[in-house]
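Start from the sequences and build out the full structure, keeping to the hints where you can.
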Amino acid sequence: MNQDTKNSFLSRKAKIHFALWVLLLGFFTSIQAQTNLSVSGQIQDETGEPLMGASIIEAGTTNGTTTDFDGNFQLDMTSGNTIEISYLGYVSQTIQISENTSMPLKVILQEDSFALDAVEIVAVGYGTMRKSDLTGAISTVSEKDLTRGTLTSTEQVLQGRVSGLVVTQDTGDPSTGSSLRLRGGTSLTASNNPLVVVDGVPGVDINTVQPADIKTIDVLKDASATAIYGSRGANGVIIITTKGASKGFSVTYNGFAGVSYASNNLDLLSANQWRAYVRENNLTDAIDFGGDTNWQEELQQTAFNQTHTISINSGQEMGGFRGTVGYLNKEGIVKTTDLQRLNANISGYQYALDKALKFDIGLFANMEEWNPLDYRIFERAYNLNPTIPVHDENGAFTSVGGTLYENPVEILTNRTVKSKRNRLLGYFKTEINFWNNFQAVVNLSLEHNATNGNTYKPTYAVLEGMTENGYAQKTYGEYTNSQLETYINYTKAFGKSNLNAMVGYSFLQNDYEGFGAQRSGFETDLFGYNNLGAGQDYRLGDVYSYRGRSNLVSFFGRVNYAYDSRYMVTATVRKDGSSRFGANNKWGIFPSASVAWNITNESFLNESSWLNTLKLRAGYGVTGNQDGIGEYKSLSILGVGQDSYYDPVTDSWSLAYSPVQNPNPDLKWESTSQVNIGVDFRIFQRLWGSIEWYSKYTEDLLYTYEVPQPPYLVGTMLANVGELSNKGLEMTLNANLVSNDKFNWNTNVTFAKNKQKIEKLSNQVYETDIIYSGSLHGLSGMSNQFSQIIKEGYPVGTFWGYENYGLDDNGEFILSEEKTAIGDVQPDFTIGFGMNASYGNFDASIAGYGSFGQEVLNATNMMLYDGNRMPAYNVPDDFLGSGINSAPTFSDYWIEDASFFRLQNVTVGYTMPFENSNSKIRFYLMGENLAVFTSYKGVDPEVNLTGLTNPGIDRFNNYPRPRTFSLGLNLTIGN
Amino acid sequence: MIQKAIRMKTRNKIVLYSLLWLGFSCTNLDEHLYDRVKDDEFGSAPNEVEALVGGAYSSLRGFRDDISNSFPTCEYVFFLNEVVSDEATIPTRGTDWFDGGQYQDAQRHQWNSDNGMILSAWRYCYAGIAKVNSIIYQIDQSGLSEDEKEPIYAELRAVRAYYYYTLLDMFGNVPVVTDFEDQGLPSNSSRAEVYAFVETELLESLPFLQDGIAYSKFTKNVGYALLARLYLNSEAFIGTPRWQDCIDMCQNISGYTLNPDFFANFATQNQTSSEIILAIPYDSDAGTVGNYLSSMTYHYLHAYTVSPTANYPWCGNGICAQPGAYSMFDDADYRKASLLAGEQINIATGSVLIMDSGEPLIYTEEIHEFTDAFQNEGVRLAKYEVLPGENWERDHDWVVIRYSEILMMQAECYVRMGAPELAAPFVSQVRSRAGMDTPALIDLDFINKELLREFAFEGRRRTDNIRFGTFFEPWWEKESTPEYRALFPIPTSVLSANTNLTQNPGY
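Going line by line, the protein sequences match chains A and B.
Taking my numbering, the leading residue of the first sequence gets 1, the next gets one more, and so forth.
Taking my numbering, the leading residue of the second sequence gets 1, the next gets one more, and so forth.
Hint data in this document are derived by calculation from the structure and do not stem from the laboratory.
Keep in mind that the hints are not guaranteed to be accurate.
[Stated by the list, open to error] For lysine-lysine, the following DSBU-like pairs were computed, each having C-alpha atoms within a straight-line distance of at most 35 Å: (1) A:Lys-496 - A:Lys-575; (2) B:Lys-217 - B:Lys-38; (3) A:Lys-474 - B:Lys-38; (4) A:Lys-819 - B:Lys-478; (5) A:Lys-575 - B:Lys-38; (6) B:Lys-38 - A:Lys-760; (7) A:Lys-791 - A:Lys-937; (8) A:Lys-335 - A:Lys-420; (9) A:Lys-586 - B:Lys-38.
Being a predicted model, the structure only gives us computed values, none of them experimental.
And the structure:
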């Protein structure tokens, strides 16, 4: 029996069902059944996967057993009796057994879709739990949600699927990443991106793993769930579990190809409209260049994309592997932009020592290559007079002098820019079972990311190339995270109680380094960026390199206790020490506690016909964010760089060594405490979901505060000062509308609301009344101008400016005397919507997401609706009727409600099964970004709201989002 | 079975001990530095001391931070001192150069304590002071002997006195901090106290400063010149005239002559000029930052007047001469070329450049509307040499004190002391180099105008305007100015960060 118990730890599934299993075993050992027949067999699920821990009970008796690792069982029983085979989440079966029954039995259990969430396994960090035992707020996106679309990045997988998680792809450029924000931002300085954990390795770049390799994504939202990740948990944690190897054999191919075009452009005057305007207004000075150019379209193309992924899985009892190779080639709808990616990964498992020992390895690698875009082209495309032809009569690019007036097609064409990135993640995990109830895990991992940039602007290129007489640059940067994580799990069941305890240690070392070089003054353009030595002008700073290192050391533990599946308590603690923290604050402690009450397991509700699940959860925890502290920020340091000085004796220059920052030995993490109260429910079997309420309070906000100088050495200083709060409500609702043999129809809706407020910006040492942000610097006439404030009582991204009362007789804005708060970028609420249906072999799905109530500064229009522009500079169609005849002025006139709902994805598919095998083939047609419902006047209402520098400011960086139609094929060959 | 049990026990022990070893093997949180150095690990060897002192000199070029460009050669320190004077202006051209009205406010003498240029100037000075204080502290900690330290201290104190002199001139009642280790929040000193501090620092440093000429270094000559400036403005600063003291200091200065070619002082290789007493050196190859004033004044298309392939940095069409300044120059005055007026020719085609409005590019003295000027209006600062293929960061050194200023200071003092005849020998040197005669009667009005002609756009006109009192009179696009505006207000954010400070009177 001990041996069996031990074995039960050997696989994930066994571990999951351990608690149940122990209970059953304790029960069965006391039974002395009268037997006259021995029945044996194997229990499988629909895919042929053996089910371990399924219970087999002789009906009407207390005689029974459970299946082992391979789903096998053996039971002595009375002939003629029936056995009941049950397994959580599956429909139970009853089979009558007699001497005539053919042995061994092969029983296939059908999934019970209603009960699935009860057995859903959720990764909680350093372990897993059954969803029904959870005490914290965790949302899960499973494989089923991932297979529908033509997803090309892991962030997109999460878009609109998890309540409270906002995913924004900054532009339509295929090479730009997305920003993620959970439950409002908690930091002014640091990244607000959640911590990403891949197969147990924390802190991994989310795009190391491709969507095709993902099995589940668990999003840990509240502090009681994320506190186990301590000083990195404040923005939530995204735990990605990859598919890994499984028993059996299969080869899968997924591929799709599609075309994209710009979903929207600004309506600017055409050449004819421009000419009509010039005629009507008798503008004799206006220069008609004789062409007819739509500059936005000249920059764009119909883009093609294709993606292919092949996976092989082969697994036996003692070991197996899974490998994937993928290729992606995605053109952008702006010429020259693209993304190419080659990815490969392999993972495997191996048991040893009577299955007391298990090894897991995983290796994920990908290479990306893309052409970065010079975003200055968009403003010029809006500026240029539509009568200017792209090329002159000699075929050369037309060049009309003027400020911000360079030919954007020329900018796009006359330069070579190429970037490459390699990502590598490898881990080796060992699990050892000992002393019956203990399991030790050691996970060694290494993540290595390297980026390489190359630029050449030829001698004839506008913007820099010409003035520098050719300009070449190469840069290289890399980082390596070496990590050791080790922890021990203890599981014990006694009576109706289940206890799980875990303690662990982790050591992370981050090393980064890089170098770059640039030269200008080239005699020939032949070399491009490949021969920097050929550039004759050399300046200080043209060659640089850097290197740094930081360590994070952690001790952590968790206790989880459940009584009778009715009451659950979880407590965690983590102690984090970071080399980045100041000498006075090297270690931080992050505790949490949470409780849950599964009311439906109480006897008084057991028999309810309509209320299937009702569970209350409450938790409190403290988490941190240490992203805002770079290496060495707490120290008193001398730097050397641009600081050179002249020696008149030798007529030469030397480098000065100067202090670069104020030392801050008190520097530490930002600390967020959070209360979360949640309800999970399921009614009438068909409607289920969760409601969460939370209140987060962040202290010790990191910011580069202005400090009096002297006594401070430098006028600004990174310090922990302010406080901010986020409060919100989240809802997830799933419904199974129709479910029968042929027709299945499910829908899900997510809803989230967050309210943010800066609570404090000063403490005893630092006094700050107001911080100006949302810089408009770089816009004509807006140098050193700010559009937003950070101020106590307001959320981050509050616009601060004049109110506009209309236009006077001269077309000038009538503005208020004083500046005031005129809107903010925080959405009132966000929603996600998904629906999928299948009828026979056909399937269809729809997905969309929306954000409502956020206000955005349409700085693009603010600059384009300028009375001075015509006739030299183009204007929007709507400008002509607007009556505006003023220079660009920042006021609430340009603050727009950017609420939107985007119909992101519609897919229709058909699956052809092959007889008597697990092989199948599926074709599908998909449309992406099919419609946007909004009243926003700019190119796209989905303006990046994250970050501190320019949240919610639409300013000429309008790479339009593509509309894409794709055709795809999934093929699985397996046994 | 027993054997198996023992095996298992052994295994369990190994597992446990291994985990314990792994768990406590490393809790070291020290930071390893690779590409920078802790301040206590650098500064004992002589070459290291030199590299530290070099930092005091490099600080004179200013810096760029998240909010401002605090460069004395350009944005915004230079802009501020010039735009509030009678020789320069930054008109709003369409949308360009509006920038929240900060230049309009400066022109009209309506600035408030939120003006970004004022903050830049404050930061420029105090960043330099804080840096010098820290270098003095480090020298103090170094292993040098007291004899070795003395001249270094003197040089550093002189650099710091230059910053305090600038603060005395612009802000008046500022905190005086000299001790790096003093972590308390300072309060204001009165303008008289700051004045006395600057004087004492310079006087105490003088004996240890280097003799003779050492280009760009704070030598004895520089010390004398700074004291002369202090005494010249003594009446304006603290109400006590010290004209004779100014003359005495000027006469201590030796080894300099007027350069026969006025513009040699502003050539790209101006370090060879015999006239420059103090300059801030620039060399773009050495990575110096902030020196792109030419780009701030010329029209967007100006590159075509310099190079047939427009091989010249982008120009922003900003600061230009205030109407009236250009006509103060006689046509025969060699120095009139300090300002550029007239048609601008595309040297590739030989024809006049056409702006995007369709109009020809002709720099005019007249500016028809300050808040909506045409692109071509305002004559441009052309003192410094312009070469095709130049880098954005120009190579000419920024001239702070020229020998002609020493001559003009003495002339002014004699006029003010009622002895204009004694002024003539000084003035005539300056005038004859410019190809001009010296008038029989030298009065203050003449000196005032001559200062503009000689030192146009050298960043010191505001001080002259205040000393001559013209600052408070109406001029182009400016009403009369109340007396309190002779000082700038302490910036709002500075007051908010240090509540021990009080605002200057009037603001």
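Taking the numbered hints from earlier one at a time, note which ones the structure violates and give those numbers from smallest to largest. The structure conflicts with no hint, since it agrees with every one listed earlier.
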